[in-house]
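**Student:** Required output: the full structure, derived from the provided sequences and hints.
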Amino acid sequence: GDSVTQMEGPVTLSEEAFLTINCTYTATGYPSLFWYVQYPGEGLQLLLKATKADDKGSNKGFEATYRKETTSFHLEKGSVQVSDSAVYFCALFNTNAGKSTFGDGTTLTVKP
Amino acid sequence: ETGVTQTPRHLVMGMTNKKSLKCEQHLGHNAMYWYKQSAKKPLELMFVYNFKEQTENNSVPSRFSPECPNSSHLFLHLHTLQPEDSALYLCASSQDSGSANEQFFGPGTRLTVL
Numbered sequence: 002g003d004s005v006t007q008m009e010g011p012v013t014l015s016e017e018a019f020l021t022i023n024c025t026y027t028a029t030g031y032p033s034l035f036w037y038v039q040y041p042g043e044g045l046q047l048l049l050k051a052t053k054a055d056d057k058g059s060n061k062g063f064e065a066t067y068r069k070e071t072t073s074f075h076l077e078k079g080s081v082q083v084s085d086s087a088v089y090f091c092a093l094f095n096t097n098a099g100k101s102t103f104g105d106g107t108t109l110t111v112k113p
Numbered sequence: 002e003t004g005v006t007q008t009p010r011h012l013v014m015g016m017t018n019k020k021s022l023k024c025e026q027h028l029g030h031n032a033m034y035w036y037k038q039s040a041k042k043p044l045e046l047m048f049v050y051n052f053k054e055q056t057e058n059n060s061v062p063s064r065f066s067p068e069c070p071n072s073s074h075l076f077l078h079l080h081t082l083q084p085e086d087s088a089l090y091l092c093a094s095s096q097d098s099g100s101a102n103e104q105f106f107g108p109g110t111r112l113t114v115l
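Chains as they are written, first to last, in my numbering: chain A, 2 to 113; chain B, 2 to 115.
Please keep in mind that the hints were generated in silico from the structure rather than gathered at the bench. Be aware that a few hints might be false.
[To be verified] Reference excerpt, derived from the structure (chain A facing chain B, CB under 10 Å, subset only):
| no. | residue |
| --- | --- |
| 1 | A18 |
| 2 | P32 |
| 3 | G44 |
| 4 | L47 |
| 5 | K50 |
| 6 | T52 |
| 7 | N95 |
| 8 | T96 |
| 9 | G99 |
| 10 | D105 |
| 11 | G106 |
Everything numeric in this text was worked out from a predicted model, so none of it was measured. Backbone N, C-alpha and C define an ideal beta-carbon position, used for all residues, glycine too.
**Tutor:** The following block contains the structure:
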């Protein structure tokens with residue numbers, strides 16, 4: 002079956018540091034890829050997505066590029082803020098199977 | 002109200018109680034989902050409804066019983082739960098379950114089973 006593997010957390014950074022959260026996947030066909038974010042006390046919300054190879058999703062200074070050759074969708078941000086502290090989930094949607102698969106989530110804490 | 006709402010936000014129940022969780026979406030979506038989020042465990046998909054029909058049941062114990070009376074409402078009926086069922090229960094919706102559309106999540110119901 003499909004799977005999504007995320008970098009294990011927790012990740013702790015200082016404000017303005019560079020962020021990378023690694024995500025790799027296995028799936029049949031050509032899935033769509035997503036990053037969701039969950040702030041404390043809230044549900045998940047979509048951060049960005051990419052639907053085909055070499056697409057770059059971006060939002061709020063975060064970006065991720067769909068790399069088919071390495072089956073990866075790493076999340077990056079050039080300068081994190083305290084308000085970015087949250088849990089980040091990588092996910093895929095397998096169009097053939099009509100199913101979503103989520104990674105385990107990576108907790109990010111940004112300190113001032 | 003807009004988006005996906007869930008009630009109650011917090012619930013404490015004994016193992017012999019019967020309670021229900023409610024989810025409502027105001028987005029005109031046709032698919033609705035229940036997820037279980039436990040500490041230090043991956044997000045678990047429980048049930049999927051598409052156009053009011055249940056399309057997925059991920060081997061969920063029968064003490065959890067979903068109900069989808071229409072495309073806007075989703076319930077999760079709970080009875081004779083166990084302490085290990087304590088978790089955050091998230092509801093989500095999307096345009097439909099068969100395409101790569103974004104899922105919109107509610108804030109969740111924090112359930113504690115004593």
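**Student:** Can A18/A be said to touch chain B, with a Cβ gap under 10 Å?
**Tutor:** violated (25 Å)
**Student:** Under 10 Å, Cβ to Cβ, is where P32/A needs to be relative to chain B, so tell me if that hint holds or is violated.
**Tutor:** holds (8 Å)
**Student:** Does T52/A meet its interface restraint, that is, does its C-beta lie within less than 10 Å of any C-beta in chain B?
**Tutor:** Holds, because the Cβ-Cβ distance from T52/A to chain B comes to roughly 6 Å (cut-off 10 Å).
**Student:** Holds or violated: is there a CB of chain B closer than 10 Å to the CB of T96/A?
**Tutor:** holds (6 Å)
**Student:** With a cut-off of 10 Å, does the beta carbon of G99/A approach a beta carbon of chain B closely enough for the hint to hold?
**Tutor:** holds (5 Å)
**Student:** Next item in the hint list is K50/A. Is there a CB on chain B closer than 10 Å to its CB?
**Tutor:** With Cβ-Cβ at 7 Å, under 10 Å, it holds.
**Student:** A closest beta-carbon separation below 10 Å is what the hint needs, so does N95/A meet it against chain B?
**Tutor:** holds (9 Å)
**Student:** Does the interface hint hold: is D105/A within less than 10 Å of chain B, judged Cβ to Cβ?
**Tutor:** holds (5 Å)
**Student:** Are G44/A and chain B close enough, Cβ to Cβ, to be under 10 Å, as the hint says?
**Tutor:** holds (3 Å)
**Student:** With 10 Å as the cut and Cβ atoms as the points, is G106/A at the interface with chain B?
**Tutor:** holds (7 Å)
**Student:** Mind checking the CB of L47/A against every CB in chain B and telling me if the closest is under 10 Å?
**Tutor:** holds (5 Å)
Of the numbered hints stated above, the single one contradicted by the structure is hint 1.
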